[in-house]
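**Q** Okay, here's what each chain looks like letter by letter:
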Amino acid sequence: MIFDVVVDVASHEGIADPQGATIERALPALGFEGVRQVRVGKSIRFTLEAGDDRGARALVEDMCERFLTNPVIERSQIIVTPRRS
Amino acid sequence: MTTVGVVVFPGTNCEFDVADAVRRCGAHPQLIWHNDTDLAGVDAVILPGGFAHGDYLRTGAIARFSPVMGSVACFAQGGGPVVGICNGFQVLCEAGLLPGALQKNAGLKFLCQSTEVQVASTDNVLTAACRPKLRLRLPINHFEGNYTIDAVGARRLRDAGQVVLTYVDNPNGSVDDIAGVCNSEGNVVGLMPHPERAVDALAGSADGRVLVEGILASARGGRRLAHARS
Numbered sequence: 001m002i003f004d005v006v007v008d009v010a011s012h013e014g015i016a017d018p019q020g021a022t023i024e025r026a027l028p029a030l031g032f033e034g035v036r037q038v039r040v041g042k043s044i045r046f047t048l049e050a051g052d053d054r055g056a057r058a059l060v061e062d063m064c065e066r067f068l069t070n071p072v073i074e075r076s077q078i079i080v081t082p083r084r085s
Numbered sequence: 001m002t003t004v005g006v007v008v009f010p011g012t013n014c015e016f017d018v019a020d021a022v023r024r025c026g027a028h029p030q031l032i033w034h035n036d037t038d039l040a041g042v043d044a045v046i047l048p049g050g051f052a053h054g055d056y057l058r059t060g061a062i063a064r065f066s067p068v069m070g071s072v073a074c075f076a077q078g079g080g081p082v083v084g085i086c087n088g089f090q091v092l093c094e095a096g097l098l099p100g101a102l103q104k105n106a107g108l109k110f111l112c113q114s115t116e117v118q119v120a121s122t123d124n125v126l127t128a129a130c131r132p133k134l135r136l137r138l139p140i141n142h143f144e145g146n147y148t149i150d151a152v153g154a155r156r157l158r159d160a161g162q163v164v165l166t167y168v169d170n171p172n173g174s175v176d177d178i179a180g181v182c183n184s185e186g187n188v189v190g191l192m193p194h195p196e197r198a199v200d201a202l203a204g205s206a207d208g209r210v211l212v213e214g215i216l217a218s219a220r221g222g223r224r225l226a227h228a229r230s
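Listed in order, the protein sequences are those of chains U and D. Every letter in the first sequence is one number past the one before it in the numbering used here, and letter 32, counting from 1, is 32. Every letter in the second sequence is one number past the one before it in the numbering used here, and letter 25, counting from 1, is 25.
Just so you know, the hints here were simulated from the structure itself, not pulled from any lab data. Glycine included, C-beta positions come from ideal geometry on N, C-alpha and C. Hints are supplied without guarantee of correctness; some may be wrong.
As the list claims (entries may be wrong) - With a straight-line cut-off of 25 Å between C-alpha atoms, the simulated DMTMM-like cross-links for lysine to aspartate or glutamate are:
| hint | chain 1 | residue 1 | chain 2 | residue 2 |
| --- | --- | --- | --- | --- |
| 1 | D | LYS109 | U | ASP53 |
| 2 | U | LYS42 | D | ASP55 |
| 3 | U | LYS42 | U | GLU74 |
| 4 | D | LYS109 | D | ASP55 |
| 5 | D | LYS109 | U | GLU74 |
| 6 | D | LYS109 | U | GLU24 |
| 7 | U | LYS42 | D | GLU185 |
| 8 | D | LYS133 | D | GLU185 |
| 9 | D | LYS109 | D | GLU185 |
| 10 | U | LYS42 | U | ASP53 |
To be verified - Have a look at the derived ranges for each label pair, beta carbon to beta carbon:
| hint | chain 1 | residue 1 | chain 2 | residue 2 | range |
| --- | --- | --- | --- | --- | --- |
| 11 | U | GLU65 | D | GLN118 | 58 to 66 Å |
| 12 | U | ARG45 | D | CYS112 | 46 to 54 Å |
| 13 | U | ASP53 | D | LYS133 | 35 to 43 Å |
| 14 | U | GLU49 | D | GLN118 | 23 to 31 Å |
| 15 | U | ILE23 | D | GLY54 | 21 to 29 Å |
| 16 | D | LEU31 | U | PHE67 | 21 to 29 Å |
| 17 | D | CYS74 | U | ILE23 | 42 to 50 Å |
| 18 | U | LEU30 | D | GLY107 | 33 to 41 Å |
| 19 | U | ARG75 | D | GLY78 | 31 to 39 Å |
| 20 | U | ARG36 | D | GLY78 | 19 to 27 Å |
The following block holds chain D by itself, in its conformation from the complex:
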C-alpha cells in the first residue's frame, strides 16, 4: 500500500486532517516526528500546516533545522514527491527546497475563508492529474501567505511552468496571484490552501481530493515523473 509520511513538528496542527485525507483517498499515512530521520518505506512526504516551533523568528525558520529536514531534502533530491501545505510551504521555502518566501498578508489580516484557485501548470506531483485551468474551491487559513519573490525570480517561475496554482481573487497580496509553486524538477510543491480540508462535500468542498489523489498517484510512480522532467 502507498505510504505517505506526514511530518510533525512541535506546533504542527494539521497532521490528523492530512492523515485522514490520505486514508480517505486509499493510502496509508505515517506520522513522522521531526526528530526522526528515517523515511524508509515512505513513498511521498507531506509537511502539514500549523506553527512549527511556534513560528519563532520567521515562519519555518527553526523547523528547517529539525533533523527530519535533512532526510526530506535527500528524499526530494532522489525525485520523491514532497508537498508542503501552508506552514509546510513556509518550511520548504526556508529550507531552500522551494524558491521565494512568504510574508505577512497585505492588509495584515489573518485569513480564514474559502477561496478559488486555478491550476496554472500540471507538470508536478500535485496537479499532474488536473486539466489546465481547472478551478478548485479550497480553504485558506493563514497570516503569512503573501508569496514574495523578486521580479526576475517571478518571471523565471512563470517561464519554467513552476507556478502551480493561482488565486482567482488574490486574498493576500501574493506576487502574480501565486497560491502554489514547485521546484524546477516538479517533485517538490508548496501551496497555501488546504486541500486536506476539502476531501468531502460535508466539509463544504471536495475539490481538494483531486490534489490529494494527485500526490498519491505521484507517490506510486513519482520517481518516473521526476525523471521524465529532468
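One chain only, chain U, in its complex shape:
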C-alpha cells in the first residue's frame, strides 16, 4: 500500500521560538489582535510504501526519532493517509 505522509515538526513547549515570538509581535501592527502562542515549525511530506497503516506509522516514528527531528528541541505529529488507487 502507498501512504501519503505528513510530518509536522515544531519545537517543544517551553523551548524558546524566536521566529514565533517575532511573528506574534508583528501581527498587532497589522491590526490582528488577540493572537497568542505563535509557534513556527516545518512540515515534511512524502509517500511511503508499507504493508498497513500501523506499519507505516511505526516506520515514520522511527524516522522522526532517528533523523527527521531532533528530540532535544523538537516534537513531531504524524499524519498517515492511505492513498486510494
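For this one, chain U is given, so just place chain D on it according to the hints.
**A** Below, chain D alone, put in the same frame as chain U:
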C-alpha cells in the same frame, strides 16, 4: 610531530583557517574528507565550521551520517581529543557525542562579531591549559548558536563541570550563557566561538591560541587526560 585531523564535509568552510592555526601552533594538520574513515596516525580531530551538507533539515543533521563520523565516534570512545567549532559543535550534538542542541539565535540575527567568553571549567581537552575564569576575546559567526538543553540537563552539565566556556554578555540566548560544553569524559568539546581565527594579533586577537595549544597539548597526552578523568 603531532597530527591533527581536520574533517571536511561538503560545505565546510573553515578548514584552512583551522589548518593554519594548527600549523602556527607547531603541529601538522591533515585534512580528512568526510567519505574517508581512516584516522590512523591522527592525534586529535577538529570538526571546523561551515555549512556541512548545506545544513539541510537541521544544522549537522546530515553530516552526522557521513562515513567519517563513525570513525570520529570510535576515536572519541578511545579517549582521543575531538573538538567541534561552530558547525562542528552542531554536528557533534546531532551525532549524540555532546548533549543538547543548537537552535536559531534569539533575535533571529546572524551574528558576526567579537565576543568575550570566560573559561568555566578546565577539566577537558580544550581549556586544560587555561586558568579558571580566564577571559578570552574570540570571534563568533553563526545563526544557530543558541545552545538549548532542558533544565535537568543544564543542571547536570553545571554540576559535572561540563560547561567549558560561557559568554560574558550572552549574544544569542544560549541557556546559562553557554558558549561551549564537553562530554562527561572531557575529551569531546564543542564551542561556538572560533579560536582558529584568533591566533595572531594581526587578526584582532590572539586569545584563541591558548585553546588551539590546549588541543595540541591534549593530543600529545590526550589519552592520559581522558583516563585520569574516568
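**Q** What hints, given by number in increasing order, does this structure fail?
**A** 1, 7, 9, 11, 12, 13, 14, 18, 20
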